[in-house]
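There are 2 protein chains.
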Amino acid sequence: MSGASRLSLNSATTKKWTLREAVDGCVRAGIGAIGPWRDRVHEAGVPEAAAMIRDAGLEVSSLCRGGFLTAADPTGQAAALEDNRAAVLEAQTLGTRDLYLVVGGLAEGEKDVVAARQRIADRLKKLVPFAHDHGVRLVLEPLHPMYAADRALISTLGQALDLAEPFEPQDVGVAVDTFHVWWDPALRGQIARAGREGRLASYQVCDFNLPIAADALLSRGMMGDGVIDFATITGWVRDAGYTGLIEVEIFNQEIWDADGDETLAIMRQRYEELVLPYA
Amino acid sequence: MSGASRLSLNSATTKKWTLREAVDGCVRAGIGAIGPWRDRVHEAGVPEAAAMIRDAGLEVSSLCRGGFLTAADPTGQAAALEDNRAAVLEAQTLGTRDLYLVVGGLAEGEKDVVAARQRIADRLKKLVPFAHDHGVRLVLEPLHPMYAADRALISTLGQALDLAEPFEPQDVGVAVDTFHVWWDPALRGQIARAGREGRLASYQVCDFNLPIAADALLSRGMMGDGVIDFATITGWVRDAGYTGLIEVEIFNQEIWDADGDETLAIMRQRYEELVLPYA
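For the protein sequence lines, the chains are U and V, in the order given.
Under our numbering, the first residue of the first sequence is numbered 1172, with each subsequent residue one higher.
Under our numbering, the first residue of the second sequence is numbered 1172, with each subsequent residue one higher.
For the record, the hints were derived by calculation from the structure and aren't laboratory data.
Hints may be right or wrong, so weigh each one.
Stated by the list, open to error - Partial pick of chain U residues on the chain V-facing surface, computed with a CB cut under 7 Å:
1) ALA1319
2) ALA1320
3) ASP1321
4) SER1326
5) GLN1330
6) TRP1354
7) GLY1395
8) VAL1398
In this text, a Cβ means the ideal position worked out from N, Cα and C, and glycines have one as well.
Using the sequences and the hints given, assemble the complete structure.
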């Protein structure tokens, strides 16, 4: 088994790289999969991106991302559904089953968390049949509660599983991203539940750095640089039956400023040391 | 009923004020209670602080704070217990039943969240009999998950109630601080549970400001300045049977730099408008 077995580069980790550069970087680093963001896919062209990745011999672990489903006005709701349908088609063209959804936060000026969460459930009902028809699974990603108001009102894995419940597991799954969920006292039980319910669609790893970055979005760190116990969480994910790809997705200014090939070398080494032995 | 009915100033809100200044400020503003921090109490002297607050006709809503129970080494553990016993005695002298506990995060270099949480449970067992003998209730405060690693590994109200379960409700209660728990999808149910279990010991209000401050500790805001729905959460607390004092505790550089009397005037007005009608 290669040291990079099951490892996938989420393209946000090497933010300054085009998709072409990221694909070539993966090939040079011996990394067999990539999880591209839509902006880099659009830049390359969707069919061209699919061909580029396939021709390089890489798998696509997921597409990042759809979501932002919480608009309160009809125009915003219609625009969100249209954008998510486009994302479903892009995932299909890229040959990945898994489309990440960052579901969105409160609407402008809104404070009613309960109502905003209900809108997520309502929008999913409209989106799931379309995704199903195109063989794409919507992957609900719980985000760290510090992003609840402005990015994602799904804040725990348990809540993601509750929201997924009305739908078939092949249509709506959940993601475990260590950065977002490491603190959750219910994590072990909810990962096991995700496995039992057949919804554990994606596993992303990166660290939680302290102090929290001045721009709180950029506190994601290279595995080993922060507070997360990858052995334990990865073991829980393994015990839940997850055998899929493992993406590394890091938003971090220092890493973005670094040389991409160096980033991939460190990423592969840390993955091999801190994650893979427990996966 | 006065507009400031049940309102209490947590002394951290007017950080630059001595206890004397805070007490006088409350009297001028018609605020009938104060929740002092220990540093300001120590500065004044504990019996002197108790007399000063009593002579001004104010109630003491709580003492902030004990905790930091997660040291992994025997010396650190012994020091933590000693400091918490001192805090219990201070609470007793001040005439408040409620001692807030911010339970502490990971030990230096540690990543084992499960083990650190077990140490909290173990330390509580040692501390509760002492607090009981002095008529003091230990109030477990869940902190926002962004502070889990370095301040408090109690991250949800449900987890706080689980930790409290082995103890009598008069010995170990829980706090609801809107800043820390507003995002929790289980909040409504857990507030109701806290009421049923007789453990709802304290209600603190302040807002969650966006963007998160560069120093993440200072993102607490004046009610109305952030994203929190005080009507809804206050209603849940009321429905759980809470009839106690309501503290305002704000860490915010702009508010700390402002004139204290102005801060108290705004605090009282926002409380009267956004909190009290639902309490």
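For each hint, the structure was consulted:
1. Checking ALA1319 (chain U) against chain V: minimum C-beta separation of about 4 Å stays under 7 Å; hint holds.
2. The beta carbon of ALA1320 (chain U) is positioned within 7 Å of a beta carbon in chain V (closest approach about 4 Å), and the interface hint is therefore held.
3. Annotation: ASP1321 (chain U) was flagged as interfacial toward chain V, and the flag holds, the nearest CB pair being 6 Å apart, inside 7 Å.
4. Interface restraint check for SER1326 (chain U): the shortest CB-CB distance to chain V comes to about 5 Å, inside 7 Å, so the restraint holds.
5. For the restraint placing GLN1330 (chain U) at the interface with chain V, the shortest Cβ-Cβ distance is roughly 4 Å, inside the 7 Å limit, so the hint holds.
6. Of the supplied interface hints, the one on TRP1354 (chain U) holds, with its beta-carbon coming within about 4 Å of a beta-carbon of chain V, less than 7 Å.
7. For GLY1395 (chain U), the interface hint is violated, since its Cβ never comes within 7 Å of a Cβ in chain V; the closest pair sits about 10 Å apart.
8. Here the hint on VAL1398 (chain U) is kept, as its CB sits about 4 Å from the closest CB of chain V, short of 7 Å.
Violation of the numbered hints given earlier is confined to hint 7; every other hint is satisfied by the structure.
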